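Number of protein chains: 2
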Amino acid sequence: MIYAVIAAGGIGSRMGSELPKQYIKIGGKEIIRYTAEKFSAVKDIDKVIILCPEDWVSFTKELFSDEKITVIRGGKTRNETLMSAIDFIEATDGLDDDTALITHDAVRPFVTTEIIENNIDAVLKFGATGTAIPATDTIFEAYDGAVISSVPDRSRLYQAQTPQCFKALKLRELYESLSDEEKEILTDACKIYTIKGYDVHLVKGDVCNIKITYPHDLIVAEAILKS
Amino acid sequence: MIYAVIAAGGIGSRMGSELPKQYIKIGGKEIIRYTAEKFSAVKDIDKVIILCPEDWVSFTKELFSDEKITVIRGGKTRNETLMSAIDFIEATDGLDDDTALITHDAVRPFVTTEIIENNIDAVLKFGATGTAIPATDTIFEAYDGAVISSVPDRSRLYQAQTPQCFKALKLRELYESLSDEEKEILTDACKIYTIKGYDVHLVKGDVCNIKITYPHDLIVAEAILKS
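Top line first, the protein sequences correspond to chains A and B. Heads up: the first sequence runs through residues 9 to 235, numbered per this note's numbering. Heads up: the second sequence runs through residues 9 to 235, numbered per this note's numbering.
No wet-lab data here; the hints were simulated from the structure. None of these values were measured; they are calculated from a predicted model. What you were told as hints is all true, and nothing was included just to trick you.
Each pair may be met inside one copy or between any two copies, as identical chains are not told apart.
Derived DMTMM-like pairs (lysine to aspartate or glutamate); straight-line CA-CA distance at most 20 Å: (1) K204 to D161; (2) K219 to D145; (3) K212 to D145.
Looking at chain A on its own, in the form it has when it is part of the complex (with noise of 0.2 Å):
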C-alpha cells in the first residue's frame, strides 16, 4: 500500500494572517486541495492522509468530499506529523515491509504529476526518495555567521523540495533509534537516513513547484496558475 501524508501542521504565521497558509485560496480554491487531489489523482496512491493542527481538523475534513482523503491530527513537528501517520496507518491498515509513504508540504500545490510518480517509482526501487532542484544560488557556510568560511561547490548542492518517500517500517525504525537531542536537530526525515548510512534518492523537482510561504509567494502562486 502507498500512502500519501500531506502536512499541514503550518499557522500560517509568516504570512501575517490568522488563517494558516494552507487554507488561504489561489484562483478561488484553497490551496490545501490544489495538493490533497494531485495526490489523489494518482491511481498508484491508495489513499491520502492530510495532518493538520487539532483546531484544524473538522474545517479541513469540510473541504473534502473525496472518500480517498483522510484528515487526522498532527504531530508537534514534521517528524512526529511523519510519526502519527505511521501509527494511524497501523491502527487502521496494519504496516507491512512494502507499506510506503509519500509525504509532501501542503503548500506545495504545484507538484506535478510525473513527480509524485517518479518518486513512487524511486522509493520502490531504493526505498527513500527526496525531490530537489540543483540550487540556483550560491550557497555560503559560515559557522559563526559572521565569517563565511567556505563556498561549497554549487554543482553538488540541490534545494530540497517535496514529495520524499520513505518505508514505514523503516522510517519509524530509524526515528526511534534517535536521541531526543537528535529528533530535535533532525528537521528533515531524509537526514534520517542520511546519518544512519542509508542512501537516498534524488529525484528531479520543477522550478514551479514552490512552498508558498511568505505574502509575494501569493502573487507567483496566482501568476503560476493563470501561466
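The hints should help you fit chain B onto chain A, whose structure is shown.
Okay, now just chain B, sitting in the frame of chain A:
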C-alpha cells in the same frame, strides 16, 4: 576611494526576451536605473561603474545623466568583469591599498542603503564582504546527482546575494594567482578569498533583495515596488 561596480553582463536569455533583463522596465523604469541610483545616492561611494555587454554600452550611457555614473564594457565572466573594472580604475584614478570595490548585480534593484553602508563599513574593517540571508530551503548534497549523500546543517548555510566588497589590489592579486582551471571554477569572487584562506565578512541581506532572473520574478518585483 570607494567604487560601486555594477555587473550588467546579462543577455536575458532566460527571460525569453531579446532585451537583457537589466533593461526591462518595472514601474515604468529600467531595472538597472533603480540599481545604479541606489549606489550613486550613497555619499561614501565616489564613482559608480556599470559594466555591460559591448553592444549595450551606448544604450546604457543614454539611461544616465548622473556624472557619478560611468558605463564601460564588461568581461566574458563575472570575475573578468571585476578585473576590467579594476583596470579601468587604475587607468583613470590609479589604485592604492585603500581602493575598495562594492560589486552588485544590476538585476538586484531592491538592495537597501543600509545593506550598502553595512558592506562599506565591513570592507574597511575586514577587507572583504559578502551579503547573504539564512538559507530558507533545506539543502541536499549529491555528488553524482542521483543519491543524496548528506543534508548539511541548514543553520550554517546562507543564500548569497550581492553586494560583495573587496580591496581592489588584493582581489586582483588573488585572482591572478589562480590557475586558468581555477578561474573557470571560481565563479564567485568571495570563493577566491576563502580558498586562499582569507576571511570574508558576512553582511546581512534582505529577502526583498531578489535577483530578477525568471519571468515570474518580474511579477514579484512589481509587487515589491508597490509594497
